[in-house]
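Take the two lone chains and join them into the complex the hints point to.
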Amino acid sequence: MEHLTDAMRAAAATPPPTAIDLEQLIADERRNSRLRRWGAGLGAVVAVLLIVGGVAFLPGLTRSNGDGGLRAGDPGSETKTEPVPPQPPASTAQREEATRLLQVLADALVAVAGPASGWTVDGTMWEAQTGLTGNGAPLPGYTGSGHRVDGNSLDKVYVLARRAPMPPDTTCVKDAAYDVDCTVEMRADGSQLWRTTMTGGNQFTRVVEVYRPDGTHIMVGDTAVGGSEPVLSTDQLIAIADTPALAPTVL
Amino acid sequence: MDEDEAGYREFVATRMDGLRRTAYLLCGDWHMADDLTSTALVKLLRHWRRVSAMEQPDSYLRRMLLRAWLDERRRPWRREKSTPVLPERPAQSTGDSADRLAILALLAELPPRRRAVLVLRYFCDLSVEETAEALGCTTGTVKSQTARGLDALRARLVGVAGLEMET
Numbered sequence: 001m002e003h004l005t006d007a008m009r010a011a012a013a014t015p016p017p018t019a020i021d022l023e024q025l026i027a028d029e030r031r032n033s034r035l036r037r038w039g040a041g042l043g044a045v046v047a048v049l050l051i052v053g054g055v056a057f058l059p060g061l062t063r064s065n066g067d068g069g070l071r072a073g074d075p076g077s078e079t080k081t082e083p084v085p086p087q088p089p090a091s092t093a094q095r096e097e098a099t100r101l102l103q104v105l106a107d108a109l110v111a112v113a114g115p116a117s118g119w120t121v122d123g124t125m126w127e128a129q130t131g132l133t134g135n136g137a138p139l140p141g142y143t144g145s146g147h148r149v150d151g152n153s154l155d156k157v158y159v160l161a162r163r164a165p166m167p168p169d170t171t172c173v174k175d176a177a178y179d180v181d182c183t184v185e186m187r188a189d190g191s192q193l194w195r196t197t198m199t200g201g202n203q204f205t206r207v208v209e210v211y212r213p214d215g216t217h218i219m220v221g222d223t224a225v226g227g228s229e230p231v232l233s234t235d236q237l238i239a240i241a242d243t244p245a246l247a248p249t250v251l
Numbered sequence: 001m002d003e004d005e006a007g008y009r010e011f012v013a014t015r016m017d018g019l020r021r022t023a024y025l026l027c028g029d030w031h032m033a034d035d036l037t038s039t040a041l042v043k044l045l046r047h048w049r050r051v052s053a054m055e056q057p058d059s060y061l062r063r064m065l066l067r068a069w070l071d072e073r074r075r076p077w078r079r080e081k082s083t084p085v086l087p088e089r090p091a092q093s094t095g096d097s098a099d100r101l102a103i104l105a106l107l108a109e110l111p112p113r114r115r116a117v118l119v120l121r122y123f124c125d126l127s128v129e130e131t132a133e134a135l136g137c138t139t140g141t142v143k144s145q146t147a148r149g150l151d152a153l154r155a156r157l158v159g160v161a162g163l164e165m166e167t
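So the protein lines, in turn, are chains A and B. Mapped onto this note's numbering, the consecutive letters of the first sequence carry residue numbers 1 to 251. Mapped onto this note's numbering, the consecutive letters of the second sequence carry residue numbers 1 to 167.
Excised from the complex, chain B in its bound form (with noise of 0.2 Å):
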C-alpha cells in the first residue's frame, strides 16, 4: 500500500494544478473547484490499484472530475432558479480580468454538458473521440454540443469586446 500510496501521491502532484482549473471552468468557484477536485481525488485513491494499471490514467481522473461536477449539479439545492427576466450580460470588458469573468459568465449560461464539452474540448484539448469517451456520449452528440455552445457564446459575445472564437 505504501507503494501504491507513493505512486498516488506522484501522479496526483502532476495533476492537481491542471485538474483544479478544469473544475474551476466548470463551475466557476475555486472554493466548489477545490471540493470536486478532492472527490476526483478521493475515487483516484481509492481505486488506484486498478486506474494504476490503466494505460490512460488521466481519463479516468477526468471522468470522475466531470461525474462529480454533474453529480453535484443534479443536487435539488443546486439547481438554478428560472427568472422570468433573463439576467444581465457582462459588461463591456475593459481588460483582461473583464475577459476573465466575461469567459466565466457565459460558460455559466450554457447547460452543463455542453460547458463541460466546450472546457474539455477548448481547455484540456482533448480530441473529440476523448471527450466522447469522458463524458460517455457519442462522437455526435460532441459534435453537435460543441457546436451548439459556440453558437450560444457567440450569441451571447454581443457587448463583450475582446472574445472572439475559432472554432
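The following block holds chain A by itself, in its conformation from the complex (with noise of 0.2 Å):
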C-alpha cells in the first residue's frame, strides 16, 4: 500500500454479507409514515381534548370505544376530528369523587411501584362524555393522569373509570398497521383484560382495559415519550386497574 486511499480501501475491500433487508426497510417505512400521518391527526384531537378539557392527560393515545375496545377493522383507524360539545360543569358529588380517585390512583402508584418511584398525579376529573375519541358511546366517568420524569425520558400515566358494557365482540387488532398489538382474555373472575401496545411517533404506549362483571370500565396507560419503554410493566397496569376502589361511585 503506498498511500492512505489504497489503505482505506484494502481495509473495506472485504465487506461481510449485508444485514439490511431493503424490501422490510420500504415496508417499515410505509408503515411508519402511516402511523405519523395517524398520529398528526391524533395530536389534533388530543389538542382539542385539553383545550375543553383543561387537564394534561392523554386519553386520545389508544382509541378507547365506549363500549369496546380497539377492533380489527376498525374504522376508527383514520382518526376523524369531530366537534367536542361543550362539557357541563361536575357537581359537587362528582368533584369529591374526583378527588377520591385520585387518591385511589396516587395509592395504587405507590403499591405497583413503590414509595420512591418518583410517579406524580396531576389531577382527576368527572367529564360528561369519556371516550370521545373512539367511535363507541361517549359514557360519563372520571379521567385521570400522572406523570414521571427521569432524566430526560418523561412517562404519562392516564386513566379511565367509568361504567360501560363489556363488549361483545373482542376481536382484537394483532400486528394491524400502525404499530398496534392487542390481545384479549376472558378472566375466571368473569372480567374482560384488553392488553394494547402502540409504538411510534416517538412514543411507546402500553394500555390496559378491564371490563368487570359488574360493569365498571377501567383503563390505564403507560406513555414513554422519548423512545424508553414505559416504565411500568403490563402486570403492574392491571394490577393498578384491578384496584378495587378504583371505580366510580357516583357518575
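Incorrect hints may appear among the rest.
Counterexamples of contact, computed for chain B against chain A with all Cβ distances above 12 Å [unchecked claim]:
(1) M54
(2) P57
(3) R67
(4) E133
(5) T139
To give an idea of the chain A side of the interface with chain B (calculated C-beta under 10 Å), a few residues [what the hints assert, rightly or not]:
(6) H3
(7) A7
(8) A10
(9) E23
(10) I26
Hint data in this document are derived by calculation from the structure and do not stem from the laboratory. In this text, a Cβ means the ideal position worked out from N, Cα and C, and glycines have one as well.
Following this line, the structure appears as C-alpha cells:
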C-alpha cells in the first residue's frame, strides 16, 4: 500500500454480507409513514381535548371505544376530528368523587411501583362524555393522569374510570397497522382484560383495559415519550386497573 | 408511489455497497455500518420524491450517513471513556490484513469529524468543496482538518510499516 486511499480501500475491501433487508426497510417505512399521519391527526384531537378538558391527560393515545376496545377493521384507524360538545360543570359530589379517585390512583401507583418511584399525580376530573376519541358511545366517567420524569425520559400515566357494557366483540387488533398489538383475555372472575401496546412517533404506549362483571370499565395506560419503554409493565398496569377502589361510585 | 419506490430501489442498489464501506471506515464495525446505512436509507426513502429531483442525490445520501454517524457518536453511551494511559499502537504489520486493521485503528484515534474529512477526501474521493458541503462546514475547515488528520496519522505511523501517505 502506498498511500492512504489504498489503505482505506483495502480495509473495506471485503465486506461481510449485509444485514440490510431493503424490502423490509421499505415496508417498515410505509407503515411508519401511515403512523405519522395518524399520529398527527391524533395530536389534533388530543389538543382539542386538552383545551376543552383543561387537564393534561392523554386519553387519545388509545382509541377507547364507548363499548369496547380496539377492534379489527376499526374505521377509527383514520382519525376523525369531530366537534367536541361543551362539557357541563361537575357537581360537588362528582368533584369529591374525582378527588377520591385521584387518591386511589396515587395509592395504586405507590403500591405497584413503590413509594420512591417518582410518580406524581396531576389530577382527576369528571367528564360527561369520556371516550370522545373513540367511535363508541361517549359515556360519563372520570379521567386522571400522572407523570414521572427521569432524566430526559418522560412517562405519562392516565386512567379512565366509568361504567360501560362489556364488549360483545372481542376481536382484537393484532399485528395490524400502526404498530398496534393487542390481546383480549376472558378471566376467571368474568372480567375482560384487554392489553394493548402502541409504538411510533417517538412514543411507546402500553394500555390495559378491564371490564368488570359489575359494569365498571377501567383503562390505565403509560406512555413513554422519547423512545424508551414505559416504566410501568403490563402487569403493573393490570394491578392498578384491578384496584377495587378504582371504580366510580358517582356518575 | 410504486414508480417512486422502483426508482428508489434502483438508486439504492447501485449505492448500497459504497455506502456500507464508507460507513465502515467511519465507525470501524460492519454491524454498526449496516445500522448507519439503514438509517441513511430510511431517511432517503422518506424524502425520495424530493431527493430524486435533485441534481446530486448522492450528496444528500452521504450527508444522511454522516449525520447518522455523528448523531450516534453524540449519544452518551457511545462516548469513549478517557483513560490515563494511551492505548497500545497497532503491532508491527506483517501483511495486508495487519495494514487493514492498522488503518482502522489509526482512524479510530481521530476525532469524528476529522476522521470523516479523511474518509470523504481519500476514500470517497471528494473535493474540498464537496467535503465541506457534506459536513456543513467551510472549505477552510476541511483543509485544516485534513492537514491535522494527516499529521496525526503520520505521528501514529511509527511502527506501522507499509503505510505511507500521499498528500
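List in ascending order the numbers of the hints, as given earlier, that are violated by the structure. Hint check: nothing fails, all pass.
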